Amino acid sequence: MDHVTGLRCRECGRAFPAEALHVCDYCFGPLEVAYDYEAIAARTSRERIAEGPRSIWRYRDLLPVHDEAPVDLGAGFTPLVRAERLAAELGLGELWIKDDTANPTGSFKDRVVSVALTKARQLGFKVAACASTGNLANSVAAHAARAGMASVVLIPHDLEAAKVMMTAVYGGTLVSVEGNYDDVNRLCAELTSEHPSWAFVNVNVRTYYAEGSKTLAFEVAEQLGWQAPDHVVVPIASGSQLVKVAKGFAELGRVGLLDEVPEVRISGAQAQGCSPVATAFAEGSDVIRPVKPKTIAKSLSIGNPADGWYALSAIRSSGGSCASVTDDEVLEGIKLLARTEGIFAETAGGVTIATLAKLAAQGTIRRDERVVALVTGHGLKTVEALAGSVGPTATIAPTLDAFDAAVQLEGDLQATYKQESHR
Amino acid sequence: MSVSIRIPAQLRTLTAGAGEVAVEGQTVGEALGALDVAYPGFSGRLFDDDGGLRRFVNVFLADEDVRFLGGLGTPVASGQTISIVPAVAGG
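As you go down the protein sequences, you meet chains A and B in turn.
First residue of the first sequence? That's 2 in the numbering used here, and the numbers climb one at a time after it.
First residue of the second sequence? That's -2 in the numbering used here, and the numbers climb one at a time after it.
Because the hints were derived from the structure by calculation, they are not lab data.
Heads up, a few of these hints could be off.
[As the list claims (entries may be wrong)] Which residues of chain A face chain B? A few of them, derived with a C-beta cut under 10 Å, are:
hint, residue
1, R9
2, A16
3, P18
4, E20
5, L22
6, D26
7, R187
8, E191
9, E195
10, S198
11, K293
Computed from a predicted structure; not experimentally measured.
Built from N, CA and C at the ideal position, the CB exists for glycine as well.
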């Protein structure tokens, strides 16, 4: 059984049953899953979790749906990698990368979609739908195929080719909309009113969907030996992930999986071309002004972030920060992570790494902190962004002479290779 | 000016189930005011105590967010459509 007691409006506190509801029908505030934490504390334990599957479902006691056979492609329990070379470059001490590129469809969205479609199926839905900047599209199409559900996915027309193909291949309905993500999202919100029999994962089942992001916090704590980090850097699109990561750490303390509710500083990362939350943070404002996105970080291109205000609150109350980076810095971030740690991130990951670098240089992220950066999507999804930025060192005829003429490793680099090979 | 207002499912209890209704108004604000006169209860749902749109209410005129236009003071042309849409999470 699950431990859900119902849904509650985050704005006005009105209570609702645990059905396919996402906004308070009084004030339009977002609904939040309410749990019986005492029951969870009595049931869950580190041992029980360790015996569970190597996926998000090992944390089922803290998820909003229980199903013996969830809609599952194996999302979650991705590597937490100690990043010593990157830390050295950035002047940081203990740095870890949560490598969510390793998820089944290459992004953290598999966490939320696995939860959303499991709940949607339980509620009797036969169709899974969503508005997406690409990663969610990939994941919904794949999980719907896995569950034997139909899918209807709406995307902006200018997405990266890989994200389009990685959605279309699963055989669902894929609609390319002439507009930006906020236009697609608005259309989807209106479609939800017209097609109440469809489960729009980020609309009418988003209350459950969003809870899947808590598993990032759960895994980080478990993989650190049931300890919380001091500081986490999270990219912001709608802001939902950041809010749920904060909630996840708090819940671990609340149900006794950590000794107390940990104090984790949470910092947000945005691209300068779409930075409504970073702007409000910098201005000390409570108002998130919507923007028209213009950045290569398309998976973060939400100009009107639904959870932006909650993300801002979570950042401020945790003592974290929020910054934005240019597209050039995003590309440098992608290359820096790849070069130092062997992890290839999509543009959103470049935003995270570049923001990490910026906050480290400012001294906002301190050398004495244990830091975790969330890298949430795979670089193969956005190779276009790197065109002209990386490529072959040389193109040659297949001869030794041509190779020697084209490739001259510097003396110190050869010394490094020798040193490495003797280790 | 006669304009259409599209009503989201959550507020159709106020319009006896209608998904789209016609009202008169020169601006977005006037049209939403007229909506509350024709179907009492809308103002309390859409506006906060200061008379501004609630944080999670989005209003679109001809598919453009009125916050990119002139807000509630944005003039409306006859035959245009206003949509009331709850904010939704991203993806």
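Status of the hints after comparison with the structure:
For R9(A), the suggested interface contact is broken, since its CB lies about 15 Å from the closest CB of chain B, more than 10 Å. Hint status for A16(A) relative to chain B: violated, with the closest Cβ pair at about 16 Å, above 10 Å. Hint on P18(A) is violated. Least Cβ distance to chain B is approximately 15 Å, over the 10 Å limit. Residue-level restraint check for E20(A) is violated (minimum Cβ-Cβ distance to chain B is 13 Å; threshold 10 Å).
A least Cβ separation of about 9 Å between L22(A) and chain B falls short of the 10 Å threshold, and the interface hint therefore holds. Taken as an interface hint, D26(A) checks out: its beta carbon lies about 4 Å from the nearest beta carbon of chain B, inside 10 Å. The interface hint given for R187(A) is met, as the beta carbon of that residue sits about 6 Å from the closest beta carbon of chain B, less than 10 Å. Because the closest C-beta pair between E191(A) and chain B is about 6 Å apart, less than 10 Å, the hint holds.
About 7 Å separates the beta-carbon of E195(A) from the nearest beta-carbon of chain B, less than 10 Å, and the hint is met. The criterion of a C-beta within 10 Å of any C-beta in chain B is not met by S198(A), whose closest approach is roughly 12 Å, and the hint is violated. For K293(A), the interface hint holds, the least distance from its beta-carbon to any beta-carbon of chain B being 7 Å, beneath 10 Å.
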